[in-house]
Amino acid sequence: MPPNVLLVVMDAVRARNTSLHGYECETTPFLETFAEGATTYTQARSPGIWSLPSHASIFTGLHVVEHGITEVSDRLSSGHSVWEALADEEGYATGVFSENEFLTGGLGVGLRDTFQTVVGSQNAPYPEAGDPNQPYHKFVSRSTTEQVRNLIRESLEAEESSRTFVNGLTTKLQWDHPGLLPEGWTAADTPAEVFTDRFLSWNTEQDGPWAACINYLDAHAPHHPPEEFDHWGGPVLRSLQAEMDDVVWEFNGGNRPWWQRKALESLYDGGIRYMDAEIERLLSTLDERGELEDTLVVVTADHGEGFGEPSRIRPDTRVPSHKSGIHEVLLHVPLIVKYPGQTDSRVVEEAASLTEFPVAVRAAIEGERDDEAFVPEGLVYASSHGLEKPMEERALRHVDDVWRFNGDALAIFETMETGVRKYASWRDTYGLDVTALNARESYVSGEGGHERANEAFADLTDSGVKERTDGDIDTPARNRLEDLGYI
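Residue numbers for the sequence shown follow numbering that gives the first Met the number 0, so the first one is 0 and each next one is one higher.
Any given hint might turn out to be false.
[What the hints assert, rightly or not] So the derived label-pair ranges between C-beta atoms look like this: (1) D244 to C24: 26 to 32 Å; (2) S76 to Q205: 23 to 29 Å; (3) P314 to E450: 18 to 24 Å.
Calculated directly from the structure, the hints in this document are not laboratory data. Glycine is no exception: its CB is placed at the ideal position from the N, C-alpha and C atoms.
Take the sequences, apply the hints, and build the full model.
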């Protein structure tokens, strides 16, 4: 039987905040242990700086400028994802487990459609009971009479019928009439442990090869690590965060001092520590079931995060989060790969790209172990494409001019004897060269990097996999994207 495939994405986790990469806080003790029998890429880069374009690249193997999926009105057309190929050509059962709206929500960007099983946000009082977010009884803002009947019917058939019905009723009220809910019963994040449980339950139902993506969102802003993993934050920082209306544009607009954004990094670290513990539980359970040995495991992040680091290319600009810029804190991500049967440790220091994920999958299926599968033959590419209209409107509430926060940014990476050299371009004419020694140390090594970057990107062409939609977003998805700072 061919090997299983498991992609674990720690959303918004930059390499420099993992103890795997030498961070002073012990945020990833399990991943350090796991790396003793896996391949660690010390110079991995994400193809984009936020979830939608980056995941589209990981799933298709295309650079962002090739697939063009950069707005919520863009849609990945069918037949171009590695998950579809695994299901259609290899007979795999496929599933995605996440509260990331771009992967499992109602945005219509096409990523969820590449999976057979989709498990999304579980923001209900009783997550162990029936899920009101499933498509066949979606009891939210667009519910119909038939959908309500389906929910009631399933609730009555469920072992915990009353809790299933409460889940549906609560979900409906969260979006339409939140004032009617008791205090504390509002829409909330779904913790990583729920998606670990849902995946492990799905896993027991498979009698053939399976392929799954689990995206944990627990380090994404706003930062709410469980108290038992909040080793470096605490109630004072939680209160400070709660006072903020916008963790990005309040800082860019000068309405809050930058030390406050930097301070929230301690809460962010707690979220990473929590995900590390969940990954340990996830992989340990697969090991106990005798499945880990026959599984390709890839643990990474779709992009990083900023906490006020000064931009080296955009004048008088800092990086308060992600979605804008081309800074290393947004691109340098952790990447650990364990091939079926691998027990030894390997470290790869060449520039690597997450767009090579389909290559690694193909190698595993063919029974090969390619420790440099994520190292492309040529350059590593990364890009960002300015602010979408909803984000620009949000920015203008706090800043008078978004020019320095907008505009296309491009970067290429190549391996040198001194480290990984980055050539960056912003608005085609502003550029620089940076040498990255590791995830925490880099220095400006020259000017004019825009010429190299622009020239390299000129060789990339539109792959024709993008469709346009009306960009209509349902109420639950819109509310969730507003919470995450995307619109």
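Comparing the hints with the structure gives:
no. : hint                     : in the structure
1   : D244 to C24: 26 to 32 Å  : 28 Å, holds
2   : S76 to Q205: 23 to 29 Å  : 28 Å, holds
3   : P314 to E450: 18 to 24 Å : 19 Å, holds
In this structure, none of the earlier numbered hints is contradicted; all agree with it.
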